[in-house]
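Visitor: The whole structure should be built from the sequences, with the hints applied where relevant.
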Amino acid sequence: MRLFAKFFLWATLVISAALLFSGYLLITNPHENAVGRERDRALNQYQYDKFTIQAELITNAASLQNGIYGGMLNRLASDLSGSVAFFDGDKTLLYSDLPSQTDFAMLGDISDNTVADRIQTINEKSYVVVGGKLTQSGVTLYLLIATDISPVVAQKELMAQSFIKVYFITLAVSMSIILLLSALMTRPIKRLGRAAAEIAGGNYRERIPISSGDEIGDLSKSFNLMADAVEDKINALAANARQKEDFVASFAHELKTPLTAVIGYADLLYQKTLPPEQAKDAAGYILSEGLRLEALSLKLMDLIVLNRQDFTLEVLPSTALFQNVAGGLNPLLEEKKVSLHLKVSSAYIKVEYDLFKTLVLNLIDNAIKAGADDIEVIGKQSGNRYCVSVSDNGRGMPASELDRITEAFYRVDRSRSRKQHGAGLGLALASRLAGIHGGALHFESEEGTGTIVTFDLASAEGDENA
Amino acid sequence: MRKQNVLTILGIALSFVIAIGGWAVTSMLIDLKSDALLSAGGLTPVYAPAATSSGHTKLDDNPNIMGEDISGERSIFSAIEISRILSNWESRANEQPHEPMEGQITMEQAIAIGQKGLSYFYDQGIIPAQLLEYSKTDAYLCQRQPSGGAGKMLSPDYSYWGLSFSGENGSVRFSINAMTGQIWKADLGINSSETVLTEAVKKIKAEQMLDVFTAYLGLTGSGSYSTDGLTASESFADGMLYAVARSISLNSISEGEINTNRYSMAVYLSAHSPTIG
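Going line by line, the protein sequences match chains S and P. All residue numbers for the first sequence refer to my numbering, where the first residue is 14 and numbers rise by one. All residue numbers for the second sequence refer to my numbering, where the first residue is 779 and numbers rise by one.
There are no misleading hints in this set.
Sample of chain P residues at the chain S side, in silico, Cβ under 7 Å: (1) 789; (2) 818; (3) 821; (4) 822; (5) 824.
Since the hints were made in silico from the structure, they are not lab data. Keep in mind it's a predicted model, so treat the numbers as computed, not measured. Glycine residues also receive a C-beta, built at the ideal position from the N, C-alpha and C atoms.
Guide: Rendered as structure tokens:
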């Protein structure tokens, strides 16, 4: 059953019960009191009438002794206020102007010490009939006096008719108000239900406007808090899933360059019989890149999945570091016929070895993908910072693209990037790696001329050649 | 959803059934109650119990000259008791008729006292002879019951017989204390076109009425006395009681050539000082 129907039903029940109970009391109590008052009035009237008859019997005692009271009774009846009936001591009717259907059975209840009264309804009129015994001047009479109380009954009927109008009008007005109120009260609940359905349908941004400070308002606040929590959780789950995807993509991306070196050196060892020194170098590169891949996988997970920023930087000599990077690229550079020029001033720089190497490899790899055949890496001290720039003579990029090229999965030339197995993750990862080293990537590019990427990082005191 | 809608419609329908059925049941209950009320009956004792008299009884040596027909023991009251009774009589409380209680005079005795009072006051010249020619006698015994005391009888001391002797020329009304049998109040209403009667009434002065009334009651130890010609009063018992006589011409009505004069005269005991002048 709808909530408004429940409101309506219960309100009808309660209001009807209250109105009807009040109406019952309002009608019956005054009616009962009025009937009681009429009975008392009739008893008093009986007493007055009895006194009147007694006085007449006293003052006309002489006539009575002669048994002449027929005419006197007629005269008395006309003097009395209501209808009256006289009976002799044997309860034989002497005179009556009471309605013919009056029940005289009540005469049996009358005694010397009691007056009897009965309410009788005769011809749709109600009377209080009071009867008693009168003994005076040797005469015994039974006397019945009837007092019409029909106005009291009519008053009750009038009240009942008035009340039925009041009852149904009040009920109709109350029901209308209750319908309105229940509609107003259930509106926020319906809104709550719609919002819940929206959220269930995936619109986690749905919220309820709070327009009152009552329980519904509190419920709306709680609902909004719950929706906030659900949205946060869903966003966190989505971010987590995205990070995992990023990791998988980045890891796959980062596998390519070292694997190229590993495959190149392995191919060299496989194809040719190298002198032991060169074979050892080739095996060393393979081992080194393998170990780096292992370390890189863990660090990428920390960086991407766990969003870690606090990698421990170690102080390393810049020259050896860049030469190591270049050595790992030899097979790729030879394959792509790209010449790499290192112009690195010696210094001690604070880096996380694997991540820094990944940063520089990504920038060089990006230059190769841009079609460069001449790449220059310059490293130089600048105050307490060490500036690195990677410049190429590749296709370059439009200036309008520069702001977005560090966004994940953003590719300037999608079709070419796909052919080169680019995922749009290299520069995004490089940007984060530069951030870990306390710097940021800056791009200068001109279409058809090439691109220069610079960043700086902290350097330690002293020169590595000193 | 369909079940939900069916239940909603049923709920609303039930509301209307409750509203209309509730009224039908209530209406039936009201009718039942009314029928029970309108078929009720009862028995009321003729002699309602009452508080005992505060007056004390005394053999019939009352100075009241009207006492010979009510011989035996009769109550007499102190001034303060009389004052209290008169205050009750002068209140606006409803009259409650009742049968004579123990110690109270009967109707026959009351009528006898009234008739003798008429003769006495006539003899003393304060009632015109024409008022003795009454044709109808009425009498009733009652108390004035204060509000909230309905149904509960007061002490018999507070009861009085209201007597009226009515005739062609007017009426005389007496209020007789039902315990002492004394007339404590007499109202004379004269309604006559007879010049003789009118002239006779005009000769009756308030001072004369007062003297006759105080002598009738045997009141002694007078306090202050005042009169303005129409009203005369005398206080007794240190101002607790006042005997008052008032003679006021109300109006004259002319019907054709007949000029009817209406007079109202009264002598009475009161617990309060009358306004004079």
